[in-house]
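Protein chains in written order, with this note's numbering: chain A, 37 to 390; chain B, 2 to 249.
To be clear, the hints were calculated from the coordinates, so they are not data collected in a lab.
Quick caveat, the model's predicted, so the values are computed rather than measured.
Some hints here could point you the wrong way.
Unchecked claim - Chain B residues, not near chain A, derived (Cβ > 10 Å throughout):
#, residue
1, VAL76
2, ALA77
3, ALA83
4, SER84
5, PRO135
Unchecked claim - Reference listing, derived: stretches of chain B covered by chain A, where coverage requires no fewer than 3 residues with Cβ under 8 Å from a Cβ of chain A:
#, region
6, 36-46
7, 145-155
Every residue gets a Cβ at the ideal spot worked out from N, C-alpha and C, and that includes glycine.
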Amino acid sequence: MAGKVLMKGNEAVAEAAIMAGCRCFFGYPITPQNEIPEYMSRRMPEVGGVFLQAESEVAGSNMVYGAACAGARVMTTSSSPGISLMQEAISYMAGAELPCVVVNIVRGGPGLGGIQGAQSDYFQATKGGGHGDYHLLVFGPSTVQELVDLTMEAFDLADMYRNPVMILGDAILGQMMEPVEMRKRPPRADLPPKTWAATGAAGRPKNIITSLYLDPAKLEKHNLRLAEKHRRMAAEQVRYATHMTEDADVVLVAYGTTARIARAALDRARERGLRVGLFRPISLWPFPYEALAAATAGASHVLVVEMSLGQMVEDVRLALGDTKPVHFYGRTGGMSPSPREILDEIVKIVERGA
Amino acid sequence: MQKVFGRPEALADVPTHYCPGCTHGIIHRLIAEVIDELGVRERTVGISPVGCAVLAYDYFNCDFVEASHGRAPAVATGIKRASPNSVVFTYQGDGDLASIGAGEIVHAASRGERITVIFVNNAIYGMTGGQMAPTTLPGQKTTTSPRGRDPEVAGHPIRVCELLSSLSGAAYIARVSVTSPANVAKARRAVKKAFETQLEGRGFSLVEFLSTCPTNWGMTPVEALKWVDDKMAVYYPLGEYTRVPEVG
Ligand SMILES: Cc1ncc(C[n+]2csc(CCOP(=O)(O)OP(=O)(O)O)c2C)c(N)n1
Ligand code: SF4
Numbered sequence: 037m038a039g040k041v042l043m044k045g046n047e048a049v050a051e052a053a054i055m056a057g058c059r060c061f062f063g064y065p066i067t068p069q070n071e072i073p074e075y076m077s078r079r080m081p082e083v084g085g086v087f088l089q090a091e092s093e094v095a096g097s098n099m100v101y102g103a104a105c106a107g108a109r110v111m112t113t114s115s116s117p118g119i120s121l122m123q124e125a126i127s128y129m130a131g132a133e134l135p136c137v138v139v140n141i142v143r144g145g146p147g148l149g150g151i152q153g154a155q156s157d158y159f160q161a162t163k164g165g166g167h168g169d170y171h172l173l174v175f176g177p178s179t180v181q182e183l184v185d186l187t188m189e190a191f192d193l194a195d196m197y198r199n200p201v202m203i204l205g206d207a208i209l210g211q212m213m214e215p216v217e218m219r220k221r222p223p224r225a226d227l228p229p230k231t232w233a234a235t236g237a238a239g240r241p242k243n244i245i246t247s248l249y250l251d252p253a254k255l256e257k258h259n260l261r262l263a264e265k266h267r268r269m270a271a272e273q274v275r276y277a278t279h280m281t282e283d284a285d286v287v288l289v290a291y292g293t294t295a296r297i298a299r300a301a302l303d304r305a306r307e308r309g310l311r312v313g314l315f316r317p318i319s320l321w322p323f324p325y326e327a328l329a330a331a332t333a334g335a336s337h338v339l340v341v342e343m344s345l346g347q348m349v350e351d352v353r354l355a356l357g358d359t360k361p362v363h364f365y366g367r368t369g370g371m372s373p374s375p376r377e378i379l380d381e382i383v384k385i386v387e388r389g390a
Numbered sequence: 002m003q004k005v006f007g008r009p010e011a012l013a014d015v016p017t018h019y020c021p022g023c024t025h026g027i028i029h030r031l032i033a034e035v036i037d038e039l040g041v042r043e044r045t046v047g048i049s050p051v052g053c054a055v056l057a058y059d060y061f062n063c064d065f066v067e068a069s070h071g072r073a074p075a076v077a078t079g080i081k082r083a084s085p086n087s088v089v090f091t092y093q094g095d096g097d098l099a100s101i102g103a104g105e106i107v108h109a110a111s112r113g114e115r116i117t118v119i120f121v122n123n124a125i126y127g128m129t130g131g132q133m134a135p136t137t138l139p140g141q142k143t144t145t146s147p148r149g150r151d152p153e154v155a156g157h158p159i160r161v162c163e164l165l166s167s168l169s170g171a172a173y174i175a176r177v178s179v180t181s182p183a184n185v186a187k188a189r190r191a192v193k194k195a196f197e198t199q200l201e202g203r204g205f206s207l208v209e210f211l212s213t214c215p216t217n218w219g220m221t222p223v224e225a226l227k228w229v230d231d232k233m234a235v236y237y238p239l240g241e242y243t244r245v246p247e248v249g
């Protein structure tokens, strides 16, 4: 596949994984991401890969753990309730330093919630999710093209850092059809060989893969080493985009699908002569704290928009402290904010702030 | 002088942490002997459970992966599917396999995963200090069934071999014990058949060991072996459990 093709987000993410050399997929059906396992069940046999429908997300994510132990490029995908069940394996993989890619096509919660798009898993994705001191790389794409590009790159990053990487999408992005360029992306040439993998101790000492350190001094040492790696990830993987922030009086902060809606609100505001900009975090962990502070230095107000009741806004407040008012507008439960609603919020802020 | 008894190559030369009279050690040795005999040590990947055998990776001399509690069959599935040439075995206790991991073992067996499961049934949770297990016998006292297990309240013990042998993917299922030299020899043959089942690509294989936990049973090692013969082997009959033929 080359050149631009029209693809649904969910199918594009599946093909992107295959193009990046992913040859193992384990998953369990859940709306709104069923097109991914369905696509994989067709495609994997064509490329000599493994597709297996697991009996649960608990099992599926532990199959991912196993395939990662064997040195395979492996992915699983799910949506919010399923991702909750995967937290055990994710924590174990982070602890045992296993590379894998996890895609969360987020739907509204808590509990069974609903099946429409949401951003209410931000805390779970960026602040831990499972138990223990660890971090995932988390990316929040806002177009199908970005979803494809980040998914492909995620496999390299997972291998590079020996760490799970999460793509945080949502039902809208998963279901949306957009033209995308699908470029085959061979694994980076500079990735370290997987000499640690459990493939049989032929002509070498045995390899052990574990996250168990019964001696607290050893566990602390292990965690400190992981923390050092997390610091490296944080320093090297900050990503964001800005739009018209230079002269902005009000800067919108939004990621993923919400950033597209915010962009539409920005256009309308500009038509009215309001100086509005947009800051869009792409890496959610690491969060672009410094870039956000720099991009909003000249603004008097910041308005965070999310499809949640306020999760990323906490990172924005961490970045900006009390240097300026940080406002919030969110819709939840699978409802998305409209450009009109965001514009109204902007107008309110400008009128109040003037 | 000819050496007639030595350490199998697949067993590491380290002391284990198992209690005196615990049969985990004998079971380790049998597995290692079979791995050596089949000449597959350099292809083998073992998976240790959460339970007393969590450190099995230190005791075997082959690649090893530590799984979360009960998930060893899923981890084994991931390894075997990604690397079909590997010889993959799990080593799991009764809490691990028949309680928290009941879903994973049933589905691995039903899929006919080409893995070998060594199931160590000691009718108790050893590692956490002697709580009731899904295989604890009726009337058996544990720290969470202090008046003896009452099936009316705590349910009935699970017979894993009988349960799994009803699944078409289960190609070889056997229950053994190691309470006498004759039983040890039988157990070794069963382990070998289980690994051969995997090597021949015939499907899922499992050997259940009736094993002792003198520490948490509050018995001497000799009493514990007798209890396996007199009590456990009555509820859990030894033998091979034939595969149900595929229908249709
Ligand atoms: C998710 C989770 N729940 C509970 C535990 C605590 N735990 C550790 S070992 C164990 C029971 C092990 O018993 P069994 O599988 O029978 O093995 P044995 O120790 O008897 O060999 C439990 C409940 C854990 N480690 N992880
Ligand atoms: S606690 Fe029981 S099962 Fe665990 S090592 Fe001791 S005797 Fe064996």
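Comparing the hints with the structure gives:
1. The non-interface label for B/VAL76 is inconsistent with chain A: the shortest C-beta to C-beta separation is roughly 4 Å, within 10 Å.
2. Separation of B/ALA77 from chain A is inadequate, the least Cβ-Cβ distance of about 6 Å not exceeding the 10 Å criterion.
3. The claim that B/ALA83 lies off the interface is violated: its Cβ sits roughly 4 Å from the closest Cβ of chain A, which falls inside the 10 Å cut-off.
4. Remark: the non-interface label on B/SER84 conflicts with the geometry, its nearest Cβ contact in chain A lying 4 Å away (cut-off 10 Å).
5. At the 10 Å boundary, the C-beta of B/PRO135 stays outside the reach of chain A, the nearest C-beta of that chain being 18 Å off.
6. Counting residues of the region 36-46 of chain B whose CB lies closer than 8 Å to any CB of chain A gives 5, which reaches the minimum of 3, so the coverage claim holds.
7. With 0 residues having a Cβ less than 8 Å from any Cβ of chain A, the region 145-155 of chain B misses the three-residue criterion, and the hint is violated.
Going down the numbered hints, you'll see the structure goes against 1, 2, 3, 4 and 7, while the others check out.
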